[in-house]
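If you want the building blocks of each chain, they are given just below.
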Amino acid sequence: MTDRIKEQLSTFLDGELPEQETALLLKRLERDDELRGALSRYSLIGAVLRNDGDVPAARQVAARVSAAIAREPLRVSAFVRLPRRDALARSLAGLAVAAGVAFGAVLLVQQSGPQNQQMPEAVIAQAIDSPVEPVSDPSDATEELATSYVTPPATDAAGEIAPAQLANYLVAHYGYATPLVRRSVGAGLMSAPDAAGLVDVAPLEGQPDP
Amino acid sequence: MRAEAGDIALVRRVQKGDKAAFDALVLKYQHKVLKLVQRYVRNPTEAEDITQEAFIKAYRALPAFRGDSAFYTWLYRIAINTAKNALVASRRRPVSYDLDLQDGSQVQAHARLSDTETPEALALTDEIRRTVNEAIEALPDDLRLAIVLRELEGLSYEDIAKTMECPVGTVRSRIFRAREAIDRSLREVFDGGLGRIGDFE
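Heads up: the protein sequence lines correspond to chains A and B, in order. Each residue of the first sequence is one higher than the one before, counting from 1 in the working numbering. Each residue of the second sequence is one higher than the one before, counting from 1 in the working numbering.
Hints are computed from structural coordinates only; laboratory data are not their basis. Virtual Cβ for every residue (Gly too), placed ideally from N, Cα, C.
Label pairs and their calculated CB-CB ranges:
#1 A/Q20 x B/K84: 37 to 45 Å
#2 A/L74 x B/R66: 13 to 21 Å
#3 A/A70 x B/A64: 19 to 27 Å
#4 A/L74 x B/R42: 34 to 42 Å
#5 A/A70 x B/G154: 31 to 39 Å
#6 B/R66 x A/E19: 14 to 22 Å
#7 B/G169 x A/M1: 16 to 24 Å
#8 A/D33 x B/T45: 19 to 27 Å
#9 A/A70 x B/R42: 25 to 33 Å
So here's chain A without its partners, still in its complex pose:
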């Protein structure tokens, strides 16, 4: 371990190391126990100074945490920003999917006919209230951060998409569309002349009949 690397370590501890050097240093930290020891002691020095020496000796905490984390599944955040190109591609893909869904929704609404005079707002409310089940991971049953969801199973035996399920689908997938698309899809659904027909469907399995 050279002084240059240890100086990088010191700078890294202060949050002043440039990003590229940080990446290299982290790789080195992964495989260099001596470097890890130095980082721990540099950190201890600061803790002693700030706490007037009242710092307990951390024994094997870092090593034990590191071993435990190594066994953990990889956890990638949804908040990590995508590179600009990826974000643009994702937006375009979302736009295309949402536009397709909107087009299909309008067609379905036009075909379904005036079977029920309930207000369109009730359609959306029913869709929001319908069950959206979290995906459970058996390896992590206590995890509080489940963020993935699936839509309810289809119940229409005729193979035709029930309008309420379509509304469910739209609501459940709003998150993948841009705000502009969300507005246009929602407005398209609600302003369709025959939208009232959407509510004339059997309740989904496990859902109380309104």
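Using the hints, position chain B against chain A.
Just chain B now, kept in the frame of chain A:
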């Protein structure tokens, strides 16, 4: 503050799947978190277990961390809650009640509890404190001022450079040389048998 920006950069790396970045955060904060937990839990071994658990919980929750608060403030709350849960589980009362949960820095103002550590651990802590303080006193003025401005005042390298009227690169070098000088003394303590060098992996 620049150090917080550095933490956030590490957090973002962890969120992209870089586990080594989390190791670095653990190395950086293990002493502070352990000290915090020891205010709630008397048994040092149990305190280390809880500290470990707090870090693992933090790792699991990190994908949801948005960076609205400083990383350590967030970690501090996790550690406090983990310690409290452990106390509830063991049906014991906390050692101290008067911690402000909103401000992690306030914990530093509280006095140490005499029965939280074994005689051996206390001796080691005292030896570490004495060694660090003596090493600080022995530093040349420019090195001592640089590390004090950094560690006690929390100034960025740029601000220290302005204060000391020197380039940022010189500040970086001075702080490193100060740490290295203190670390040399610390290593002698650990190698001397009082401490356990393996404890500071």
